[in-house]
Amino acid sequence: MNKSSLNILDFKTLYNIFFETKNFHNLNLYEYHNENDLIEGLKKQKNSVIISRAQINNQSVNQKQIILIEHYPLNFFSLIDQINSKFLMQQYDLQSNYEIKDYKVDLNSRTISRKEKELKLTQREIEVILFLRKNKQPINVNTLQKEVWGYSEDLETHTVETHIYRLRKKLKKIFDDENFIESLKEGYLIK
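Just so we're on the same page, this note's numbering is the position in the sequence shown counted from 1, plus 51.
Note that these hints are calculated values from the structure, not bench results. All values reported here derive from a predicted model rather than from experimental measurement. Wrong hints could be hidden among the right ones.
What follows is a list of derived Cβ distance ranges for each label pair [claimed, not checked]:
no. : residue 1 : residue 2 : range
1   : 133       : 209       : 43 to 51 angstroms
2   : 107       : 209       : 54 to 62 angstroms
3   : 236       : 132       : 49 to 57 angstroms
4   : 135       : 201       : 41 to 49 angstroms
Ideal Cβ placement from N, Cα and C applies to all residues, glycine included.
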């Protein structure tokens, strides 16, 4: 599982507390002493939250990432809840805006859209699309059967082939696109 990044701006005590528990919380932990260093550090991160005692007004920082600590004493468990909430919101936003080719895939609502058209997908169809997309070479039916369906290789392959055939047919009907999932001699591919 990918670690999330917790950025602490000019708050040494809090950094030390999280340093002791970073593995338990599955965090990459970063300490910054000024806003400019923080901005540079954020450019290298995808999923991050910032804890600060001072308001950050830089345009390149998403205000949804920031937990502003203004009240003391600090309730540590409440802070953990706030951090988790921020990471969950970021994850939801990331899953709502997944792009493949000129399509937008929303994993939360299980839809794929292009221009003004939208198609509702099943969970299995989403899994197939994501698996094919993350691979740069054609994927054969046995690999899909094992990795997406969780079946062993000695079972019938008709389930996978039928599923992909129906998905390609739906995509053609709504988007008039026969090449979203390419069917090659070596297997299936999304470029």
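Here is what the structure says about each hint:
1. 133 - 209: 43 to 51 angstroms: holds (49 angstroms)
2. 107 - 209: 54 to 62 angstroms: holds (56 angstroms)
3. 236 - 132: 49 to 57 angstroms: With a Cβ separation near 53 angstroms, residue 236 and residue 132 satisfy 49 to 57 angstroms, so the hint holds.
4. 135 - 201: 41 to 49 angstroms: Distance hint for residue 135, residue 201 is violated at roughly 29 angstroms.
Violated hint: 4 only; the structure is consistent with all others.
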